[in-house]
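In order, the protein sequences belong to chains P, V and B.
Quick note: the first sequence uses my numbering, first residue 31, plus one each step.
Quick note: the second sequence uses my numbering, first residue 3, plus one each step.
Quick note: the third sequence uses my numbering, first residue 399, plus one each step.
Hints in this document: simulated from the structure, not taken from any laboratory.
Only a predicted model underlies this, so the values are computations on that prediction, with no experimental measurement involved.
You may find that some hints are simply not true.
[To be verified] Which residues of chain B face chain P? A partial, calculated answer using Cβ under 8 Å:
#1 Ala414
#2 Leu417
#3 Pro626
#4 Ile694
#5 Leu697
#6 Asn704
#7 Val829
#8 Trp876
#9 Pro879
[Unchecked claim] In silico DSS-like pairs for lysine-lysine, Cα to Cα no more than 25 Å straight-line:
#10 P:Lys153 - V:Lys187
#11 V:Lys355 - P:Lys63
#12 P:Lys153 - P:Lys63
#13 V:Lys426 - V:Lys187
#14 V:Lys250 - V:Lys355
#15 P:Lys456 - P:Lys697
#16 V:Lys187 - P:Lys710
#17 V:Lys86 - V:Lys135
#18 P:Lys710 - P:Lys697
Glycine included, C-beta positions come from ideal geometry on N, C-alpha and C.
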Amino acid sequence: MHEAAPVLQEFPLLFLVPLLPLIGAVWNGVMGKTMQRRFGHAAIHLPAILLPAGSFVISLWAFLTLADAPHGTSMYNHLWTWLPVGTLQAEAAFLMDRLSGVMALVVTFVGTLIHVYSTGYMKDEPAYWRFFAYLNLFMFAMLTLVLGDNFLLMFVGWEGVGLCSYLLISFWWRDREKAVAGMKAFVVNRIGDLGFSLGVFLLFWGLLTTPASPAPAKAHGEFRHAPAAAQEAPEATLATSIAFREVEQILEDPVKRDRIVNRDILGVGLMTLVCLLLFVGATGKSAQIPLYVWLPDAMAGPTPVSALIHAATMVTAGVYMVARLHFLFTLSPVAMTVVATVGALTALFAATIGLFQYDIKKVLAYSTVSQLGFMFVAVGVGAYWVAIFHLMTHAFFKACLFLGSGSVIMGCHHEQDMRKMGGLRKLMPITAVTYFISCAAIAGFPFFSGFFSKDEILWKAFDSGNMLLPGGGVILWAVTAIAALGTSFYMFRSYYMTFSGEYRGAAAAHGHDASAVAHDPHGVAYDSAHGAVHGAPPADPHGHDSHGHHGAHLPVESPAAMTGVLAVLGGLALVGGYVGLPLLWGLPNAFEAWLEPIFAGTAERVTSAGFGHGAEWGLMGFSIIVAFGGFFAARVLYKDGRSPIPARLLASPSPLVQATHRTIFNKYYVDELYGVVFVKGSLVLSRGLAIWDTRVIDGAVNLAGTIGRGFGFLQGAIDRLFVDGMVELVAKVVEAAGAKIRRIQTGHIQAYVQGLALGALALVALAYLLAW
Amino acid sequence: MDLTTNSLLLTWTVFTPFLGLTAILALLALRPALRLSQRAMDEASRGIGMIAALVAMGLSIALWVDFDAGTSNLQFIHRFVWMKAWNIEFFVGVDGLSLSMVILTAFVFLAGAIASLPWLGKLDSHHPHFSGKRVPGYWILFLLLETGVFGTFASQDFFLFYVFWEVMLLPMYFLIGIWGAPSRKDPDGRTRGGPYAAIKFFLYTLAGSVLMLLALIAIYYASGPATLADGTQGPHTFNLVHLTAQAKAGVFTGAAAILGVPFVHLVFIGLFLGFAIKVPMFPFHTWLPDAHVDAPTPISVILAGILLKTGMYGMFRFNMQIFPTGLAWASWAIGIIAVINIVYGAFVCMAQKDLKKLIAYSSVSHMGFCLLGLAAMTPTAVSGSIFQMVGHGIVSPMLFLIAGVVYDRAHTRDIEGFGGLAQKMPEYTAITGFAFMASLGLPGLAGFVGEVLVFLGAFAAQDGIFRVLVAISALSVIITAGYYLWTMQRIFLGPFNHRWDHLWDMNWRERITLYPLAFVTVLLGVYPAPVLDMVRETVNTLVASLPTGL
Amino acid sequence: MQSNLLAIGPELALTATVLLVLIADLMVGDRAARRPLLATLAFVGLGFAAAHFAVLPDGGPSAFDGMVSGDGLGRFFRGLFLVAAFFGVAFGALSDEIPVRRFGEFTILLLSTTLGMCFLVSAQNLLMIVLALELTSLPSYILAGFRRGDRRSSEAALKYVLYGAAASGLMLYGFSLLYGMAGTLDLTKVGPALNALAVNGSVAVRAGIAVAALLAMVGYGYKIAAVPFHQWAPDVYEGAPTPVTAFLSVGPKAAGVAALIRFVVVGFGASVATPPAGGLPWPILLGILAMATMTIGNLAAIPQDNVKRLLAYSSIAHAGYLLMGVAVGTPEAIQAVAVYLPIYLLMNLGAFLVVLAVRAKTGSETFAAYRGLGTRSPLLAVCLAIFLFSLTGVPPFAGFIGKFYLFAAVLQARTPFFYVLALVGVLNSVVSLFYYARLVKAVFLEGSPAGAPVVAVPFAVTLLLIVLAIPTLLLGVWWSPLAELAARAAGIAG
């Protein structure tokens, strides 16, 4: 409207962005085993790193071209028509606009770094080739998701990342727990995918059946059959396209927009339903309530995977999708409110669970869930650019945190329980520093990257005028602010438990089982399973011969490939926020300016509650207090492991404390609930149906056969017995009469003849009846 | 439409396998004279069978090359009067729908033929392989079956269609009965095994086809006069093109009601039941798990890959093409049954412990999508349905081949009894994972395209009930993912079960069958246009004849 | 007069053959060549009889004042009977159940039966019908009890005789009533006379007509072994020597059907297309009989363990299918019956030939003898499968064509009753598959019992098998000539 119509500029190399990692995946997947055996690890990771790096370079190139081009231009690369059928034309085409450009850069950049990191982390893995093949495949799927030009192509990536997530979580498939975790991730994601696809179907149907111009003779709600309608009037419906930009363009026309917005289906606004269904997809992929349960379990995968997929990229796909489809979501205030509310609740909910975890990766997992909640608050209130901004900074610091935890875990011989760490700051200085920087970033220390993005989210939530909640955006702000406090606390808790004080690994080795089993079944299962079945050489990071080794050597800093990556990401966690400085400070906000054209179309419907600069300053101050508050609390309680308060608190006999702790520690028993209701439920249902199928349905068939056979047997028997029975009867009668006539063979025959006569009689009777 | 004979290529395709079986028969008859040893006879049969399957594949590709996708008219027509008295013609020809099925047939049979070979890799010497049993007979029946299937798809005369349709039955009966699993008692003391499954299959399908026979005769008598291939005029006709034209002119809607039921409805039901049993449609599906479980691998492959499609094909060709009003009348009911097929099948899958049975039930579930597409009656849904037929025709053979791989080695298919096989059979694990993903409809693979088109198309159906049906049937994507991944988990992942130390990874015969199928799965997933283009005009013509604006 | 004699030329030839064989039988004595000699003589005679059809004018005149019709129906069926007789003699020559010494006797009886059948089908006079029926029956009683020493055979014969006698008696009684009411023995006049009587007559008269006609029906029902007059059939078929069973299950049955057509359709002019003849709803009556016959025949066949008995029930079921055609009564239906019977003859004789061959080697007729036959004697097994599937009525075998014609005729009747009849008919095909396939299963899908002999098939049997099997296959895809012959046979009803 206020921009020129989108211009597609051909960028013929764009397809290489997803394709290069795919080539890597196929190459390593097919040839990797041989290459690894012949030429060692370098033969695996060189292509595996260089190809995504190539993607990054091309992305950057496209990005810079985009930056040079006028507003509203997109880089476009059409390959072929994928689904040409009926009214549907789904193209295999990639499109990079300002939004997907940012995403593509983040994904390729962080992704490439994590590939590099993995060369260190996975160096003793026998299936090194497989790991990199999967990682590359993931890059392909993620980039398809980001750059896909239409809903269906996005869905390809959407499901593709789910698959890769499954493969990578179950990477150490010999451990049943891990395999199950992968399965859980995939299935839960599929629930989300179901919502997503139904949303797309509904949208497509809505566009297809909403008349673009008033239909003169047709009653409301009656729509002609698609092809017939298309033949009669080519522009009878809003759209037959499922390309994002075309749908967006159509909805920019107020008349057409009103037509579709005013449509109801089952009493619910069509757009609301579409958006809510799409959002179900987002909750699956981005681990929001109620589908977040897979993400903590997904930590079973190798740590680089957690960093790449379950922190930096894949899980943000839901946020990206909502931002991508802002032109739909802004049409439905209800959906917006739901998105923001779910986000806020998830942020708080996950943060509370994070408070009590001992597994360092679990802490980070819940923190991720929580942070994703923040992002959904942002998209929910219409602050799309802020969500993407936080997505980006989160990618930096959370990747850094995860990789840092990976470094720690590797250093501690695959110990994940923070109670058996401690004192690592001296032993692993680079890891410790980068981890601290990232903690500060995520907690929102001023001038760290997270500060800018998170503070902006809180402010936008506070100031939102779109929320249909009582209290408007303020209530969202309150919830997220508490979550932010929790975040700051548990992140520094993890830092102090891990890095401060003395190393507890050696001491803990003896009491390992006693202390850990009760609270962290995953860690134990991990250890024992690997020790038992992996059977890899002692140096193998995933299997160690005995717990006695714990005390034998102290943790050492990880190799350069890992610390280098940590340094880069730590640096970005520190400075990455400067691209989006607050306008409040009078500084240029490059990030918002960059994305502004994308979201400009919806800007007018995203309203402010009208709070002034004063309020914004105040909130910023409050945020800082929150960040430091959490920090100091954690420092007091957990620094050097000296404070007796946590232990005393946990040992408190008060039932309230105990019950609360147990509930939260056990993640509110949601997993158990789902396990009973859905998993057990469907298993019971499936068994019941299977029994029904064999016993009743198949049974009916067999029964029909049995009855037929039985009847046949009876008939055959009658043919024999009828006669013989008659014979007996005749014989008896004759004998009773006193006649000494021996029954001769003709006795049979008399009966036969009687049968004959009876048959004739029956026939006469039948004819008589019929004659009437 | 010009219906004069213009090519013999199709006829050659149809009868190439028949020539092959004649050759084997001739060799059998001459065996004493030629003094062939048993072994030589076996090898010769295999050779002839393979050659016939290959030539048929080549000919069907030739058909594809020469096919003009820009029209829905029949092509490669070969037509002459067969039985003047009944105005029966030998009339073969293909449109996009037929051709797609003919090519699929050739492909699946080729895969089946390769899978019937015993060599090209390590074999279990302790357990005789089915492919060593009565080899000439096997190949004779195999080729007869192929001709039957080709003929079914190529026939454009109802009587001819019926004959080919029934020709498929007998070889299938023997192939399952003789070369399938031997008879055994199940835990409940009921007799199961190849012979049981074979007779069940036979009885079930015959029950369906006799209903079809009645419908066929009724249609014949209701039809109007038509010109035969020799230019003479007959009072009635079996010619599908004429029947379609007459249907459009209202000949059947005007026909007298039977037993108080409108002619079109009754005939529609008769035909539909005949086809539905083959699809198989709930509640007529219970022959399928038995037949699949006890059939030898290649026959399962053919059964799932192509025989189930003959049912769907029949529905399109007859129920939709000739009786569009009947379809419109029954569409919601078919839609509901389709959803039962999809969801029920998926749930029942989850409870299965026998790998083959699981795959068999998954076919029930996946064929439900085809039914749903048919019932929805939109071009997108119909294209999706046909594509699903092709997609399932590629993917389900993979699944059955996969089940065969492990069965050939372990002599069990009990999912619970495995565990950690990925350690011993990594390549097999990978291809299984691939096939499972294809079957659960992962985007980018063939299974997805059909599903998504059916869903999209059905969602846009006129009848609002279809949106509800899509929503319910979409649940199956979760359940499907659940049972496949759970199966994956139970067979391949977790700690290795050392009971299976003696297993070995894939051999070349298995690779030769599986990789081409996998390749096509990917190809059709990313570039489905060849199939969609091929059927587009046919679909448009079919859908255009459906009543709109109810 | 000359033309009259020409009209019964085949019968005359047959009579001559019977006499010649009798004489030859007395002359040749116990020589090795006895069997081939007598058989050849019979074949030549049959051939000579058949040759008459070449010179007999089509739709020829009725002979002997209309007592013997020279129409197409008779012509067609007489030809068929000669074929049946040919196979009957051939089977007898190949079977060890017919001792060499008594082969002449067998041939004479068989040919006499055939002679009776020929007369039966062309008889147009009530008295003539009774005579022909008796001529058909009496020799077949002896044939059924041909194995004198065998208790089952003797018992079968006795049952057959008594059942037959009673049936003939009832029939004769019915005929006399008909004669009394119509005042004529000429079948072509009986029908119209009764129709006229029924239209004007009182309830009592109509009831009388019905009783008379139905009593007559008993005789026909007995001859074709239709329910409820079928009870003799399983015992007789099981007890009689296999060649006799084979012959009885096709020859006299076909004759009975043809005679029934003549009685009901020609005589009473009954068909779905015409109003009830003689006050009786023939189509529905016969339709119900058809349903009962096929259903009971098929169901009772399911549990049988003796293959001969199984085939006996199967032939009862086939009588039911044939009755469907008679019930419809239109020219198309008659044509359908005429198409069905030759095909039935081929496949049923074929099945019995296999039974004969198996019995010759194993001495048994139970399923056990058939287990694993597929490996022991592939040719026999494959042919058996062809015959059985053809009997089931699946394409591409000839049996399907027969059924197709029948069902088409039934559906063409276009009344609710006949739609139901057609449905029952096709469902019966499915039921029949159950037991035919059970036998096929034993042959192919089950292993041979330990020590089961390899069934080597004599050359002559092989030849006959092929002679029967090839048309069973060919007629499934090319049946024009047969259909044309059958259409000419049905010309009478038009």
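Exercise for the section: List, from low to high, the hint numbers that the structure doesn't satisfy. Expected result: 1, 2, 6, 8, 9, 10, 11, 13, 14, 15, 16, 17
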